[in-house]
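Full structure from sequences and hints, please.
Number of protein chains: 2
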Amino acid sequence: MSGALVQVLRSLLGDDAVLTDPEDLVRYEEGWRYGKGRALLVARPGTTAQVAATLAACHGAGVRVVPQGANTGLVGASTPDAGGGMVVLSLERLNRRLEVDPINRTAKVDGGLLLSALNEALKAHGLMFPIDLGADPSIGGMIATNTGGTRLLKYGDVRHNLLGVEVVQADGTVLDAMNQLRKNNTGLDLKQLFVGTSGVLGVITGAVLQVVPVPVQQATALVGCASGEAALLLLRSLERDLADVFTAFEVISAQALKPVFAHHEGLRNPYGAAEPPAYTALVELASTLPAAALDLPGLLEERLGAFLETEAGEAITDVFMGRAEDLWAIRHHVSESLRQEGKVLAFDISVPRSRMAAFTEAARALLASDYPFVRCCDFGHWGDGGTHLNLVWTEAGAPRPASELVPELQQRIYDLAVKDFDGSYSAEHGVGPHNQRFYEAYTPLSVRSVSGALKRHLDPEGILGTTRLD
Amino acid sequence: MSGALVQVLRSLLGDDAVLTDPEDLVRYEEGWRYGKGRALLVARPGTTAQVAATLAACHGAGVRVVPQGANTGLVGASTPDAGGGMVVLSLERLNRRLEVDPINRTAKVDGGLLLSALNEALKAHGLMFPIDLGADPSIGGMIATNTGGTRLLKYGDVRHNLLGVEVVQADGTVLDAMNQLRKNNTGLDLKQLFVGTSGVLGVITGAVLQVVPVPVQQATALVGCASGEAALLLLRSLERDLADVFTAFEVISAQALKPVFAHHEGLRNPYGAAEPPAYTALVELASTLPAAALDLPGLLEERLGAFLETEAGEAITDVFMGRAEDLWAIRHHVSESLRQEGKVLAFDISVPRSRMAAFTEAARALLASDYPFVRCCDFGHWGDGGTHLNLVWTEAGAPRPASELVPELQQRIYDLAVKDFDGSYSAEHGVGPHNQRFYEAYTPLSVRSVSGALKRHLDPEGILGTTRLD
Chain A
3 MSGALVQVLR SLLGDDAVLT DPEDLVRYEE GWRYGKGRAL LVARPGTTAQ
53 VAATLAACHG AGVRVVPQGA NTGLVGASTP DAGGGMVVLS LERLNRRLEV
103 DPINRTAKVD GGLLLSALNE ALKAHGLMFP IDLGADPSIG GMIATNTGGT
153 RLLKYGDVRH NLLGVEVVQA DGTVLDAMNQ LRKNNTGLDL KQLFVGTSGV
203 LGVITGAVLQ VVPVPVQQAT ALVGCASGEA ALLLLRSLER DLADVFTAFE
253 VISAQALKPV FAHHEGLRNP YGAAEPPAYT ALVELASTLP AAALDLPGLL
303 EERLGAFLET EAGEAITDVF MGRAEDLWAI RHHVSESLRQ EGKVLAFDIS
353 VPRSRMAAFT EAARALLASD YPFVRCCDFG HWGDGGTHLN LVWTEAGAPR
403 PASELVPELQ QRIYDLAVKD FDGSYSAEHG VGPHNQRFYE AYTPLSVRSV
453 SGALKRHLDP EGILGTTRLD
Chain B
3 MSGALVQVLR SLLGDDAVLT DPEDLVRYEE GWRYGKGRAL LVARPGTTAQ
53 VAATLAACHG AGVRVVPQGA NTGLVGASTP DAGGGMVVLS LERLNRRLEV
103 DPINRTAKVD GGLLLSALNE ALKAHGLMFP IDLGADPSIG GMIATNTGGT
153 RLLKYGDVRH NLLGVEVVQA DGTVLDAMNQ LRKNNTGLDL KQLFVGTSGV
203 LGVITGAVLQ VVPVPVQQAT ALVGCASGEA ALLLLRSLER DLADVFTAFE
253 VISAQALKPV FAHHEGLRNP YGAAEPPAYT ALVELASTLP AAALDLPGLL
303 EERLGAFLET EAGEAITDVF MGRAEDLWAI RHHVSESLRQ EGKVLAFDIS
353 VPRSRMAAFT EAARALLASD YPFVRCCDFG HWGDGGTHLN LVWTEAGAPR
403 PASELVPELQ QRIYDLAVKD FDGSYSAEHG VGPHNQRFYE AYTPLSVRSV
453 SGALKRHLDP EGILGTTRLD
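These protein sequences, in sequence, are chains A and B. Mapped onto the working numbering, the consecutive letters of the first sequence carry residue numbers 3 to 472. Mapped onto the working numbering, the consecutive letters of the second sequence carry residue numbers 3 to 472.
Worth double-checking, as some hints may not be accurate.
Note that the list lumps identical chains together, so a pair holds whenever it fits in one copy or between two copies.
Below, computed lysine to aspartate or glutamate pairings styled on EDC-like, alpha-carbon distance capped at 16 Å [claimed, not checked]:
#	residue 1	residue 2
1	125	103
2	260	406
3	421	178
4	156	338
5	110	424
6	38	316
7	110	313
8	345	472
9	125	397
10	156	134
11	260	338
12	38	25
13	260	18
FYI, nobody ran anything at the bench for these hints, they're computed from the structure.
Quick look at the structure:
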């Protein structure tokens, strides 16, 4: 059967667009962080019509399919399972459509287009797609994951900047919902079903995105905070006055900060030889307003100074104004520095912002009591309620192997976040096979039931994807 | 059967909460602009549990139900049909929950709470819900309608500011999706199904809303534009630099502007005795930044001056800086002034912003050719791609009665907007019985099919609402 399908796909897509050689398959079979499976073959259609033909052929043959964009996701949703019977539907060649409408302030793109290519084309118009990520994903993958990024505080996530989609259903039917309108209140907003659902309801082949003017100036500072509560009060105070230009509020615990400087001599430690305070906030302002109209660094310095004069300001230990690239470099080296310290168990948690300090304290107390050999090296997007509560330990210091500790720690920390603090086990990475068992543990039955009804309606044979949302 | 249901509901809700006297029913039977029916009775539950009990009782009795918030909608979706067999489920007493979390920058509210009551409570925290409307709707109604408002350009619509919902299904099952998180990427975002679907998939009894800091300063100007294209170029130019503080870009045609001054001597006509230009743009900036940091009126004046110096600026005829309340008063008197001129056929259309001028010209050409007795008095939220392309004529001047002309003109204008200009027949008002036949004419079958599947899943007996989305 596989041979017949290969023939059909080659006749539909051309010989080069169907890969079957095991060596060629490797890079499609393994995910960025999690996920490693075996593919039956890789199909690389170059047009929406070819995506539709590919899906119709697989559907007809009863072969399961996993859509894959740039394969940069962090939950294993874009790689095949271990069975070797799935087709990887790579969208990497579906990247030709790129129409910028500067007056509508939108871009119409193919699903396989890379974020970097989109931003390159937008630059000529002084525009950008404001979802700012470390990786270079495809637009379709960003939609299927509903990525957030570091400027969510100002711009929102992908969902907030998505006007329209083109989706191919499992049986090859094309849904054209390429809405270019900001206002279109005409019943169910169909595109919402495909945002953040890992491609299991349909393959995103096109999108209409709202884009924004590129800021022309920035101001950044690091602010030492004696406690998590102090960081939250700083957030509230700054946001009140600076909301229009407030683009990021990242927080790094002392435990996450110290390894950065230990492993990177080139990065300047603003605290020098002194012990850093409990938390360091990275505050970023950015604006489309010219410096002649608004002195952004001056404004940030003045607002931070004013906060220091308040009662809550007593818990602020330090203020360092700095260049954006220098301060962000510290933030961006956290993950990798922690890996040099030992075994890292990464988390992607969110809680209501007002409960972030209390949640972190509760997690630390739990660890100190039951896992004293574990260091809590938390950092994250506190402005958005997100925290990477990453845990670090050494095998030598642990009483049990990681294979036992990891699932146990995941369950303890997720239970705390989801059940006790109204939080989420996946703030921005999505579900995917990596989070499948947490999805099943924490998702209300009502949501699973509606997801199941949609899955049965849109993909009755269940051929799409490896994540189960029912 | 009706008597038995009344008894059951009185025992569940209390005698006062069930109205059956025809005089008491009147105000629940008639909509704000469209919709007039007859109710079997009105049930006024005061808690989510009572809403659930009411729906379970009606569901069990096979009686249809229409949910009603403040009954301020403009498409007749909150009033019963003419049959006299429907229960009006009024949420007006479900308005007690109102919890503001200033650090999370959210408000948790009951579905029946009025927008004015929410904003009153938020004021103490320097916060507001940024959906700014002429009416005073309930929050549940705003969600079911996905209202936009005059500051959509900066803040988005209700969907953009909604974090969580509590919904009661037709059979009385309560769906608790009161998410307080900005980031929670865990599969299908269930709340999206209830946004803009007129309450036919469930009754919204609670919500978690994202709220924003109240601006501390504003700057407004009227800008005369010789053409619609000139207005669009102005929009693009201002947006490029001013995006962070750009809150509104309204446009009023000369035909819509002149009646305002003709019927309101108290409003100052900036053009005096001169003929106004083809379009007048109302530009508003607002900011949370203090005047000491940003001179907003100075900035607006400087930017408008700079635009006048460009080639596109040659089509700018006038610039009037003015007080916000004076300039908005002109805009807010348009609808009512037109009604004094004759028969008004109101539209709520959107098209891609870049096609707004071309669409309006095409509509004018169509009218001049086939309906020369009709005046096109268009105005609207051009910054959001919205236009109220209102048509005015006098019975004396028309060759045929309005009852013939209205459906014909609707179809001609909607066909033009939807088919030729990728637009929408309902930018912000929703579907409802008033737009039912346009929904059926213009909605892709794929959308209707998914909506039908959701309806069968969530309300298999089909008891909720008067709008059909399948």
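Which of the listed hints are broken here?
-> The structure conflicts with hints 2, 4, 6, 7, 8, 9 and 13, although it agrees with all the remaining ones.
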